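K.L.:
So the chains spell out like this:
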Amino acid sequence: MTQPPVLAPARPFFLDAAPGTRFCLYHAADVHTGCRGAFIYVHPFAEEMNKSRRVAACQARALAAQGYAVLQIDLFGCGDSSGDFADARWEIWKTDLAAAHAWLRREIAAPICLWGVRLGALLALDFAHEFQGDIQSLLLWQPVLRGDAYLTQFLRIQTAAEMLAGQAPGESGTHKLREKLYAGESVEVAGYRIAPAIAKGIEAVDAAALVPRQPTHWFELTQEPQRPLSPATSRLASSWAQHGAKPIITRVQCPPFWLAQESDDCPELITATSARFGIPPA
Amino acid sequence: MNIVERPLVFSCHGDWSYGILSLPAAPAARGVLIVVGGPQYRVGSHRQFTLLARHLAAQGIPAMRFDYRGMGDSQGNVRDFEEISDDIRAAVDAFFAESPGLQEVVIWGLCDAASAAIFYAASDSRICGLVLLNPWVRTEEGIARAYLKHYYLKRAFDPDLWKKIMQGRFDGRAAWRSLRTMLETVRRPVKQNGGEIAPWGTGHGGAPALPERMHEGLRRFNGKVLLVLSGNDMTAQEFSDLAKTSRKWQKFLRGPNVQQHQLAGANHTFSQEAWRNQVAQWTTDWIRSW
Chain A
42 MTQPPVLAPA
52 RPFFLDAAPG
62 TRFCLYHAAD
72 VHTGCRGAFI
82 YVHPFAEEMN
92 KSRRVAACQA
102 RALAAQGYAV
112 LQIDLFGCGD
122 SSGDFADARW
132 EIWKTDLAAA
142 HAWLRREIAA
152 PICLWGVRLG
162 ALLALDFAHE
172 FQGDIQSLLL
182 WQPVLRGDAY
192 LTQFLRIQTA
202 AEMLAGQAPG
212 ESGTHKLREK
222 LYAGESVEVA
232 GYRIAPAIAK
242 GIEAVDAAAL
252 VPRQPTHWFE
262 LTQEPQRPLS
272 PATSRLASSW
282 AQHGAKPIIT
292 RVQCPPFWLA
302 QESDDCPELI
312 TATSARFGIP
322 PA
Chain B
592 MNIVERPLVF
602 SCHGDWSYGI
612 LSLPAAPAAR
622 GVLIVVGGPQ
632 YRVGSHRQFT
642 LLARHLAAQG
652 IPAMRFDYRG
662 MGDSQGNVRD
672 FEEISDDIRA
682 AVDAFFAESP
692 GLQEVVIWGL
702 CDAASAAIFY
712 AASDSRICGL
722 VLLNPWVRTE
732 EGIARAYLKH
742 YYLKRAFDPD
752 LWKKIMQGRF
762 DGRAAWRSLR
772 TMLETVRRPV
782 KQNGGEIAPW
792 GTGHGGAPAL
802 PERMHEGLRR
812 FNGKVLLVLS
822 GNDMTAQEFS
832 DLAKTSRKWQ
842 KFLRGPNVQQ
852 HQLAGANHTF
862 SQEAWRNQVA
872 QWTTDWIRSW
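Taken in order, these protein sequences are the chains called A and B. For the first sequence, this note's numbering assigns the number 323 to the last residue and increments by one with no breaks. For the second sequence, this note's numbering assigns the number 881 to the last residue and increments by one with no breaks.
Misleading hints may appear alongside valid ones.
Footprint (simulated), chain A over chain B, 3 or more residues, beta carbon under 8 Å [as the list claims (entries may be wrong)]: (1) 605–616; (2) 626–633; (3) 663–675; (4) 831–842.
I should point out that these hints are in silico values taken from the structure, not numbers from a laboratory. Since the model is a prediction, treat every value here as computed from it, not as a measurement. A virtual CB, placed ideally from N, CA and C, is assigned to each residue, including glycine.
Work out the full structure: start from the sequences and follow the hints.
P.N.:
This is the structure in structure tokens:
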């Protein structure tokens with residue numbers, strides 16, 4: 042009852058990694074354009090990953106149509122990959138990106154870029170900073186700039202959830218949750234179990250110390266494009282500039298899709314991103 | 592855990608859809624198709640569906656989950672849970688094609704996916720059961736009633752709320768506006784044909800309202816039903832209220848093919864390991880019980 046689609050599908054597969062396997066979805070570059078480059082998609086953290094899935098898929102298809110291959114990888118303990126979220130570690134995630142890079146290198150000869158979203162952007166920066174292999178450029182969507190601040194925000198979800206359920210935030214207050222983590226206990230936030238080791242891993246990362254060597258295309262989402270950049274973003278950009286890195290920061294009017302209660306397509310962000318990597322005029 | 596996970600690609604009306612099959616070494620003839628609800632994709636909130644599929648497969652039950660068109664990795668426009676029957680059929684076809692020895696399928700759905708499963712079930716003789724978690728029966732009147740009864744009235748006796756009001760941290764105007772809208776919605780009588788006031792009203796364009804159509808779908812379905820309701824969830828509460836005010840729903844729920852569980856304290860998406868595991872256990876036990 043269903044007719045077959047005209048274009049070939051993306052290729053889903055499980056990539057061998059340590060430990061276990063990682064779910065990957067490979068969007069080959071459109072055969073008519075030839076392969077101009079490739080992206081590794083580095084997804085956001087916890088529920089933000091789920092909420093970003095459709096926008097990421099739409100962007101991946103748009104890039105593939107423009108001649109870029111895209112490899113989406115679910116990091117250890119996330120999505121369809123092996124392992125429990127509680128066993129995920131920042132270091133394992135960086136190893137996963139190396140495995141994705143190695144796979145892509147075997148598959149194509151074109152330059153490889155990293156495309157990170159939210160905490161995935163911070164992970165991409167951290168990975169690119171220490172990776173010895175070739176990374177052509179970085180694409181960052183609403184990057185998280187400081188791991189410690191992000192962790193605090195994440196822990197607040199649990200506090201808010203319990204307050205909404207009518208409980209006092211005693212045991213679930215952000216300080217209490219942090220104390221538990223420091224004492225070596227894991228905590229459960231909105232269905233995600235966070236081990237002390239990954240909390241520590243996230244807390245230790247700061248974009249200020251990860252000055253990119255590659256051209257960096259940074260997209261900030263805003264409801265009001267006329268407003269100036271946030272102080273944190275400006276500060277980081279000028280700190281990077283002192284070390285010779287000049288990210289191209291673009292603001293796009295678009296809702297924060299990683300928090301969306303309903304699916305958001307964010308065509309503005311996809312158009313702006315695709316335009317940045319589009320075919321340059323002859 | 593002796594299971595194999597395999598990605599699946601199948602098409603539905605010209606769009607590619609993606610899914611994951613979790614296959615035990617010795618698969619049972621009865622499998623579970625997990626249908627996704629809400630703004631989620633096939634892994635589910637806090638990976639509930641990934642973990643559930645692995646749990647089922649580890650118990651010998653083959654499980655499949657997938658993104659319908661417009662969701663997650665799958666192509667196509669974003670669509671409503673009322674428009675995914677063809678997607679479910681394409682997924683069941685793919686499940687049968689890829690899972691050796693499969694003879695019948697239980698559809699497992701949370702929230703609006705439970706409603707979608709109900710709409711589909713009677714149309715496919717391969718479907719032998721439904722696991723319905725916090726089924727979505729929303730009508731404007733229903734949600735207003737549920738809010739009034741279970742939120743506003745409870746809050747009125749909540750000392751924290753009064754403390755907040757005393758400290759000036761409560762946006763009273765916004766709350767009153769919202770309460771007034773609720774009251775107006777409940778009071779507005781909904782007229783059906785013949786001017787009789789129907790407690791649950793009608794849907795858009797004169798079509799029967801969602802609860803009516805769901806009841807009809809279940810009435811036509813001959814398989815078994817497991818209903819799981821969260822103790823701390825407005826959607827579940829609304830469903831319970833519907834059941835309490837409707838004789839035909841009561842009759843259906845008391846039927847020999849229906850089993851029910853209530854999970855005290857659990858929220859809408861079962862966002863704690865203990866709740867998630869309880870649901871997985873109930874699902875497995877029920878599927879093996881017949």
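K.L.:
Which of the numbered hints are not met once you compare them with the structure shown?
P.N.:
Hint 4 contradicted; others consistent.
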